[in-house]
Amino acid sequence: MSPTNILLRGAAFALTLAAFARAEMKVGDLFPTLGPAGVANLAGGELPVTAGKVVLVDFWASWCTPCKASFPMMAKLHADYAARGLVIAAVSVDEKSAAAKAFAKKLAPPFPALHDAQQKLVQQVVVPAMPTSYLLGPDGRVRFIHQGYHGEATERELRQQIEALLSPKLLSSFP
Amino acid sequence: MKTRLLFLGVLLSASAIFSGCASTDLARVKPWERATLASYPMRPDRDPLHTMMNEHTFFSRETAAGGRGVGGSGCGCN
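Going down the list, the protein sequences come from chains A and B.
So the first sequence is numbered by the working numbering: it starts at -4 and just counts up by one.
So the second sequence is numbered by the working numbering: it starts at 6 and just counts up by one.
Hints may be right or wrong, so weigh each one.
[What the hints assert, rightly or not] One side only, chain B facing chain A, incomplete, derived with CB under 10 Å:
#1 Pro36
#2 Glu38
#3 Ala40
#4 Thr41
#5 Leu42
#6 Ser44
#7 Arg48
Everything labelled a hint here was simulated from the structure, so no lab data went into it.
Even for Gly, the Cβ is constructed at its ideal location relative to N, Cα and C.
Next up, chain A with everything else stripped away, as it sits in the complex (with noise of 0.2 Å):
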């Protein structure tokens, strides 16, 4: 193989390292695990199960707005859904940890509330807005994506969503 060749493949090779570097988690990727990827509880306790579970990840941030009235929704769910098996794990993206646990003891929400301190995850999942939550199904890949929080109409979405995903009857009648 001649020096060029070898110089094309790498240029090649780095350009599409580059574009994966980039990419935004889609349906259908597989969803990194929260513990290696640097998330602690802000109550000091465990992480979430995840495993095998129907999972709702929310990133949120004390900043942000909508993140703030999307909880009373989550805990709805949370109330309704985690005794059929949903863990909904709500991500802190703050670098203030000061702030995150302030507005986690604010809201007090009956979910585990996380801290992705360095953010590392959001870094990898490459969120594209405040908030956005990720719907995984039991194989810890990414079923359903919801960028902001849009009220009613989100609610009535996951909803619809999380039914389908804990009644795997329902699930081939989503795109």
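Fit chain B to the given chain A structure using the hints.
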């Protein structure tokens, strides 16, 4: 050989330049990095007196008032 090396140089330079130009996040603050932009001092209406004076100037010049109903700060949420 020289021509091939020149071609390779041009190709690599173009790749480097255009991959940068094509990037949409070149100078964009990521959604999760907008805490400072979302803070109160970044609001255009943070000083009520200044806002009132601006509104008065606008009204005197345009004979029109209001229409500034865009809420929020710079976080770009939603």
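Checked hints:
no.	hint	in the structure
1	Pro36	holds, 5 Å
2	Glu38	holds, 8 Å
3	Ala40	holds, 5 Å
4	Thr41	holds, 9 Å
5	Leu42	holds, 9 Å
6	Ser44	holds, 7 Å
7	Arg48	violated, 12 Å
Taken one by one, the earlier hints fail for this structure only at number 7.
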